[in-house]
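Peer 1: Below are the chains, spelled out letter by letter.
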Amino acid sequence: MAALRPGWRTALSPFCRAFTGPRYQLAPERGAERRDAAPSRVSRFCPPRKSCHDWIGPPDKYSNLRPVHFYIPENESPLEQKLRELRQETQEWNQQFWANQNLTFRKEKEEFIHSRLKAKGLGLRAESGHKATLNAEEMADFYKEFLSKNFQKHMYYNRDWYKRNFAITYFMGKVALERIWNKLKLKQKKTIN
Amino acid sequence: MAASPHSLSSRLLTGWVGGCVWHLERRSVQESPHKFMHLFRSINKQWITFQHFTFLKRMYVTQLSRSLNQQVKPKPEPVASPFPEKTSSSQAKAEVYELRPLSPPSLSLSKKPNDKELIELESASIIEGSVDVGKETKDEKQWKEMKLHVDDLPGILARLSKIKLTALVVSTTSAGFALAPGPFDWPCFLLTLVGTGLASCAANSINQFFEVPFDSNMNRTKNRPLVRGQISPLLAVSFATCCALPGVALLTWGVNPLTGALGVFNIFLYTCCYTPLKRISIANTWVGAVVGAIPPVMGWTAATGCLDAGAFLLGGILYSWQFPHFNALSWGLREDYSRGGYCMMSVTHPALCRRVALRHCLALIGLSVAAPILDVTTWTFPVISLPINLYISYLGFRFYRDADRKSSRKLFFCSLWHLPLFLLLMLTCKQPRGGGSDKGEPQS
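Chains as they are written, first to last, in the numbering used here: chain A, 212 to 404; chain B, 600 to 1043.
Here chain B stands alone, though its shape is the one from the complex (with noise of 0.2 Å):
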């Protein structure tokens, strides 16, 4: 047992160091406490013995030192808690004394409880009193030994680096990518998904790292690793940097230094920007929506090597799609956000919420239309994506006019499907050039 989670650990972490913390999180020494869980599951089963007596005795009398109420449900709980060794008989007779100043009122205690006496009581009311044991078992059972599991690792790390996020960001890339001009070179291309799939995981990790006690706060986020205790914080911080580091190396010296660059400052705006801003003003959207464009233009610069307008035409769309999409999200999180102290313009400003999203709604028809201008795409496309293109302005106007829930989330699905569309619309129009592998001859 010893041995293999060793070798699996340094396969799961890259990095010596995540290895090394990775295993002295692990303390193997003991065995399981399945083996008391089962001794006292096959206790249960046998309701009259002795030990089930006594020890329903003891639990009996030190959940009655805890709680008033007894609940008269004669259901039968498990008494599966394997804890009975840490009540001595001595401190469960401590625990009868202390009985004296309460009077549950299914039970008449007025008399100073003996044993005979609790005995008496126990065989009348097993039932209930197991119930209160159970509900203090069951909030028991809910306690999860804060072990690490080689075989959750994956789940977690993925849950970690917000992996679907991670997916989208990197298919804006592979966009930014394909349709940069020039040939389309296959390592290069892989070399920066892997990059920039790396960077976005280290950047989440980190976000996550911050922000715990706001997350455990939001239905949204309760359920994270860190929240979960399923991952300690410097384990979090650990892998952050095992995906950063080679993230960024793989970007600077296997793509171009400058996507490298753009990679490091992404990182730094969104965990060292983005995310305390969150807190202190709303600016943090804009900065946000500046996070979400950087990926495609890393992947113009990784195709093309250059900054040059197609790159910020592409920033340029998702920056402006990000505030239809986040703006109308936002709308039903205000309860939320108000008490974990989040600043969020559907909070502060609501309607300048709603008149962002729509502005940028139709910000996103003017792209359309800069982009032949810019010559990444034909004039067809302008034409083509019209109809997307009014449909989520459509949406924004009327989250505009009618501020309410049902708008909001009309909008917001609407910017999940519109984006994907209006990327490939846009491929599928790109301009073409000599030595190209275009996607085809587009009409006019």
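If we strip away everything but chain A, and leave its shape as in the complex, we get (with noise of 0.2 Å):
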């Protein structure tokens, strides 16, 4: 998750004071798991000079979500640029989160699979090679397990997820706004000139 700037934080309005309460709850819970936490990949692309949009880029190996590379226009209002640091930092966040899950996901996957494979005197492999898996029914009990274990997360998570959200798109609201309004005031100008 990335380091908060103080700024950005007091200049927003309680929208965003909401949401920064839960991420200190988050934060001991994550410190554990953040010494295994999945390698976060540094989006190397390069968006070609002349386009002023942002990118979004295939879905990440470990979160499944799509990265996007925010354009960053040169006379960027300080609202626009609110909006893209919460849209940046939501990025990271639920990148963070994802990667985590998914491996985490994978990681006990596999360790069921070989403690029960272990269990009915099954080696890891298959007598024809493959490696050995269990039926859906046997993986049942695994799923149950897994997602009751993650339950309280989740609600954190989904809680927090809401209010980005929310917030993303108030502030998408006002930065249309905005533009509006600035386009309008050209035009007008341009009028009476």
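Simulated from the structure, these hints should not be mistaken for lab results.
Glycine residues also receive a C-beta, built at the ideal position from the N, C-alpha and C atoms.
Incorrect hints may appear among the rest.
[Claimed, not checked] Example chain B residues on the side facing chain A (calculated, C-beta under 10 Å, incomplete): (1) V836; (2) Y936; (3) P986.
Hints given; two lone chains; assemble the complex.
Peer 2: Structure follows, in structure tokens:
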């Protein structure tokens, strides 16, 4: 998770303050996980110079989320900057959560399969040489256990995600209105001149 | 180029706000990067050109510093990435010096590489170098500009509003309308369909707006427009608003306030109850069943203006149908649900999942018997619908007993044809009333 810039945080309305709280709650439980967090893959993508849009990439290998490369316009207003930073931060936060979640799932699933196969007295490889797997009914126990184990984590995540999603959309609306307003002012100036 | 998309936008998106938002999202000052792509494709055709060498040198060097693996695959990948202007020669040099600690297996870079050595290495392994570049370029090629094209908008909005599901919802509403007693009023019928369709589009769009990261992680939903970035969340919400407001207005003032209220209630139930509840408790399935049951009730209230027994019967039929349909579907998605944090019966209470599915298959038989009792259909209906009801109950029983993927899939696919056939049979057995445009005299 990217470190928050204090100026950004204080400058924002209560909308943002609403979800800075739970993040501190998230921090303690995340601390332990961060040691084996998924490797964060910095995007090496550079969009063409002439493009002035955001670019969206292929799904990440670990988190399945698509990274966005944000365009920074030359005349970026403070509001636009806040929006971009919020989106960037949310992207990193989401990436961290899901990469972690998926890797943990994969790891625990492997461990479960190994332990069950061992209990059955079977090796890790079937006779055909392929990796031995359990059928869906045997895996059901694992799925149930994994879901209940991560329930609380998902509750925190859901709450934070909803808040962030609303905040981003709200600021997108504000930016859109700001742009309309600026365009109208420009048009007015032109007609006056 | 500037004028036409504006008019198109106002035509495509109802509502001034929606149109303005779309316009602002679109920045059409620059030309597309297509010209660059053409330039570099033509360069690829002439292998041995100086520009190509220099460009490759830069790309090769930058790629080498990024990855240690050199795949020796003699495949000339097109080096069609329009990004070299970003890597200046000084930057390339800086990355060359970074190579010192790296030692890729196929090259011996024990000495500090200089330009001459690079060109030598390059001529020897120009193909291998370009493969890694190709791999990186392929990845870079998958990056898409988040620019909304007007031509794509209808398709994107159709997927955002889950148009197929909306069509199914509208057809259940039309069944409810057609089964209701009284003369068949065509204008009212059409207004109901359009209003319900718009309400459904709005609800589905909000649902997708809420679920972006979860949808990304499930195979079934990973190609949705918001997940792929084809549309912004703001636009999705604006679209939903532009559908909900006219939809509900049509239902309230064009049909009757009761239908309008049911429409609003259903949108609320789906977006604010069912969607968040999916991640909190298995009760979401029951709430979702109510969401599915309301459209035919809306059809009935549109025709009759009141919530009587027939409306509840139709609602009950759709409610019961949801369980074999959804429980069977969810059986094959347990891994995705578990990983994504969805609380579904199939994961947490598998036995309950199968029991409920069977229970409601049997309930459908009971409801088909209730239809003539409530004077919705004639007594022919429970008789002729018995075969299909028995069949789905049999599949429900097999699913309950076997609890495997095969039986769940069979039950799911059966539910897909069972519902339309069931409703059609109901229509053919509709209780004739005075002055109604019946579907034909049923035989008793």
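Peer 1: Hint validation: V836 (chain B) versus chain A, beta carbon distance must be below 10 Å. Holds or violated?
Peer 2: holds (6 Å)
Peer 1: Tell me if Y936 (chain B) is really an interface residue toward chain A, meaning its C-beta lies closer than 10 Å to one of theirs.
Peer 2: This hint holds: Y936 (chain B) lies near chain A, its Cβ roughly 7 Å from the closest one there, short of 10 Å.
Peer 1: Regarding the hint that P986 (chain B) lies at the interface with chain A, is the smallest CB-CB distance below 10 Å?
Peer 2: Violated, because the Cβ-Cβ distance from P986 (chain B) to chain A comes to roughly 31 Å (cut-off 10 Å).
The earlier numbered hint that this structure contradicts is number 3, and it is the only one.
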